[in-house]
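Going down the list, the protein sequences come from chains A and B.
No gaps in the numbering here: position 108 of the first sequence is 107 in numbering that gives the first Met the number 0, and each next residue is one more.
No gaps in the numbering here: position 484 of the second sequence is 483 in numbering that gives the first Met the number 0, and each next residue is one more.
Among the clues, some could well be false.
Unchecked claim - Derived pair list, reagent style EDC-like, types lysine to aspartate or glutamate, alpha-carbon separation capped at 16 Å:
#1 A:Lys57 / B:Asp362
#2 B:Lys263 / B:Asp235
#3 A:Lys38 / B:Glu78
For the record, the hints were derived by calculation from the structure and aren't laboratory data.
Predicted model only: the values in this text are computed from it and were never measured.
Each chain, written out:
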Amino acid sequence: MTTEAFVKELCIKAEMEQEGIFARGREEGWLEAEDEVFKDRSITRKNVARICHMYLRKVMNVADLDMNGANKLKDLYDCRTCANHIAQVYMRGIMDAKNIRREGEFLWFDLDGEDDDAYNSAVIDRLLLVHIGDHVHQDMSGS
Amino acid sequence: MTGPSPIDDHRLRFDDFDNADIFAKKPRLPAMGWNSWNAFGSGNTEELTKAMVQKIKELELDRHGYEYVVLDDGCYHPERVNGHLISDEVKFPSGFKAMADFVHANGLKFGMYNDIGDRLCSGAKVGIYGYEKTDCEDYIKWDIDFIKVDNCYYMWDNATFADPENAKYSYAPNIKCIEVGGVKYNAAAAEITGTRAGIKDGYVSFIGTFDGTAPDHSPVGSRSSELIFEVEASEDGIKDLFVTYASDAVEGTGQWLQVAVGEKMYFDALLAPTQSQEAFTVSPVIQVGLKKGINKIRIMNHRRQENTLNSYAEIRRELENAGDRDIVFSICEWGKTQPQNWGHKVGDSWRILNDITFQVGSDGNNGTAAWEGDYTTAITSQYNKAVIMDEFAGLGRGWNDPDMLVIGMDGIDNIMCRSHMAMWCMMNSPLMLGLDLRRVTKGDELYNIFTNEDLIALDQDPLGIQAKRIFTTYECDEPDKEYIRDNNRIDILAKPLANGDIALGFFNLSQEKKTDDPSVSVDQILSKIGSKAAGKDLFANAKKYVIKDLYTGEAKENESQVFSAGTLDACDSRVIRITPLS
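Next comes chain B alone, as it looks inside the complex (with noise of 0.2 Å):
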């Protein structure tokens, strides 16, 4: 293993992330369905998901939209036998293929994992890197129809458990100057695109893209940082190209280089490393073509985001040759390298943070949830992230995933439970349950607030747009785009749905209640969301709506235009769907 492969395919590289050229997938609304790790952890096991499976059929979950039945971590032998997976023998003593038929027997849809990494979170020697083939086959062969594939021991990026120095690989060097034809120019006279590079000393470093596992910056925006030198030539030609740099292994300052004209590359590759990240050297000469007139020289590192698009691809390319299946794709890199970028291209939903909860139960213990917290580790923590990405979401292109559901768990009640479940589905969020349904009956609290069939329409809705933060009482010129982890506020979302309807939701993040009643008018959710509205005309000039609270079913008609929740207690929220009447 030397370094991360040449990538061939156009569609992996980070110019053509924006563009529709994607792999075949089908349009497919958020996935619904169990997976076993918010519910036992490592400690799922055959027995335990029959007892599932068997409650989804006992409470007709399916019958509300949810199907998958997922394995997650924790359900796999800890090293290859004749190099392929097989099941842990104590927990699954039947094997996959015995635990998919009887999931299909259910009517039920089967779900596993997998990591694009060497190992598992867990630890266990069985991630996919280099048994693509193998295990896509194996897959096929066990029926599955979902995978989750996770980021840990990642080779060429520092992910979770991989080795720090792999940040080499994710980041250009620093980088004082580059010479072409003999002309000298500095790095700090140059265009630096995003916000992730800067200048110290004379030098610029943190070339490459945001690390957005933890919450710490917006996914709007330009994640990457480019530096970017305009040389003019006289005529077209051939022209040597100098870079002086200096390289290490740690975030900001890597070993990995690309170079562009223009959107052709010239050099994509590992340098030689420096004595350190201030002892600058000259590269090898690298040979770029250059037009007469002004020409953008590209000094960047977009590897982070290619590398890791390239092993799901991947992993894509080998289920597809490996069969005709249907199956759901989900990537869990947990946002790290900025997947609302490039998720589209192969996946069906992409993580957009670590984990909602680290604190997950085992058979007997329900385990905790928050709704506030510094970290990833809340209900708001992920959603504050993922209210602002509905551009990066919609049918045909993918989902948006704050993380599976954490109704259930010990520390939350049952009103941030409503207000989470809402919402999800105001986001179209995938719907992962993550508790022990055997401790669900029909009718009571937990069963009511997943089963909302109002709710989940709303997720499930055949026009696939996510609702789009149109206001907040949080002081902001982009309630729609800006980040904001105050949670002292109220935000209202809108959701434009296939019959025409518009769904508003109001949400108080707060923990103490609150009197502000906001409230927005029809022009004002309009002008905001009317571009993707269907019936947006007669949505305008309807005299009157139907107003249904969807937590209550209660209807009721509105002629002033104007739409609010009145006083919202802590945590809670109210969910309307709009109908106009002409």
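With the rest of the complex left out, here is chain A (with noise of 0.2 Å):
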């Protein structure tokens, strides 16, 4: 899925306009200009952990988590720009990380990893779920 059909499906069930969607988005600061200016590429993990966060702090006015929740996440202090939009996300249920460990368990968010349309589609739903004052999801030992 592109970064665009990510930002238009979510404007359909959200109920929001599609015109001008990207500076509209932007300006409210839950999308960023590499969302408008690369919006034909497909979409990262970490980009659509990046949007559904800043979209439940910016448009939904959902208080941040405790990012202890996602300490599981082996891969969370890879990043500093994201790893709090990837806690936000996890620890709420949105999305999930991967078991990558036979046996045992060693959870991966897989930052640069993409998901199919029909993931993607349900994560816009489970965000658009989203009620302030949630608390952190049942645990999601990865998929």
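Using the supplied hints, reconstruct the complex from the two chains, each of which is provided in its own coordinate frame.
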């Protein structure tokens, strides 16, 4: 799924005007310039996490959770600029992590990975179901 | 891009790290100012920055020393335009020069951000790699006074977002043996320096440098390992050397080899890869010069440090070439390549760990910080490492940087903020505010913490000596050197000052009240920092002392020559300035 397709689907499901959404999203602070400039590129998981988290903050006015709940993600701190985005969407159950070890738990968010359209659509559905005051979701041990 | 460039400048070599042959730079005290990252993350804008400038003036923070206004990551257009950096047109519609002019018009100094890799940490493909000359010329045109340079997407190390296989540049291959002049020498019987490398199944791996990004390893002592063979020669001459090695591209086993005899380098290049890290093969011939007698043949790879230093040095050079402008150079490679060893060559400060918080704020959100935590994201995590790094810092050398202040963020109370401020001031850390200053009014609690003149005077004391930990209630032999991460303790730090005074800081690291009331005497203080104290004899022989509490301003006399803090609440501290009376 491209960034443009992701943002458009978010618009449709959130009943927002699609026209001018990139400019509006940047003004509102939940989209970045790269989302618009590279809108034709496939969207990475870290960028899905960023858009969803900033949408939670800026549009839905949902406060952050303490990100310690995501410490089990082994690659969480690989990304200084997106660690909190990842933590928030993971802890709220909007996005999951992969268990990449056959035995035992080794959870990997896969920052630069890409998900299929169905998964990204489901991410948007889960994002829009978040309510202010929601707490940490049930433990998602990976898919 | 085929690999890191040759290093011709001897100042960038590991063997020269310790000496004072450095790039021209102005001795300066730790920088003070405001940086956008902790306050607004990638969401900083021209409007917000202008509001911060106006608040700095309104609060008169510049009169307290806070003079730099630094735009961090998130301010650039995500790709170059005609090969140049430009601002994000929505966030900074007037451009960087206009922003700089606004900052300067308000009597402040302007700082910017970049990265030694080809992208910034945010992912914007505008890293400085390959554009050093162009970007530095632009920075000079924009009249910057400060630059912070990050380390994401770096090509020659397995840094954040970089290709993990870049580890091939960071470590030597596994070494089984060498052959010199037809004689074989086993690696397992050779000398291993430092504690990084070790022997496994008859070969030596981890020949290289510790990754210091996480709080796992002490910064003190040798942080790199070499493998040293003693080879006796009957006469001076050139000999053929072969190395039996196996390579990989993972932390601990790489592909880049350096071979030196004594301090003379004979080989510094990538070897051919092997099938696996245990599939040993023999290198091409490397000719080395041996002297009659015992020769030390060094098998090593210091490129993790040298490459990073080389990249920062390139920026320093290009800034100098681009114009005569006094620019603070803030190295932000997060302690990864042990910059306490080399940062002084080019920089004014060097970050010592990964970030102090990853939960940065945005407009309307304070962000969150912590007092304690397992990783780097806590005040005490940064302090615990910085507090034993005093010997690396100094005026003319540069400063350990335990990251920007988190005063005012959620998750920490005002006692923690006050101790945090005091720690940073005792340790001569850069003081970069990271909160939305619109929340602050003159005289409120946050304002009083970060404008405490007496604490700032310690940070900015012209003697420029970072405090030394001279005592801790944690059981250890060398409190100034041991890396202690158990916070159930009180530390006592001593800092000599230019006028002959000495500051003492008592810090309760634990989240419980402490009644230990540890004390130190004049003799104990001087035995630890006397060699650096101005007016040591006066301090030693004083009949009495004036003790000023730097939190309350209260002063009283002391004739006992013993100093203590009394009971300390959870995370609390006391800092006193001791003036000897003749």
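Here is how each hint holds up against the structure:
1. A:Lys57 / B:Asp362: holds (9 Å)
2. B:Lys263 / B:Asp235: holds (15 Å)
3. A:Lys38 / B:Glu78: Holds, at roughly 13 Å.
Comparing the model with each earlier hint shows no violations; every hint is respected.
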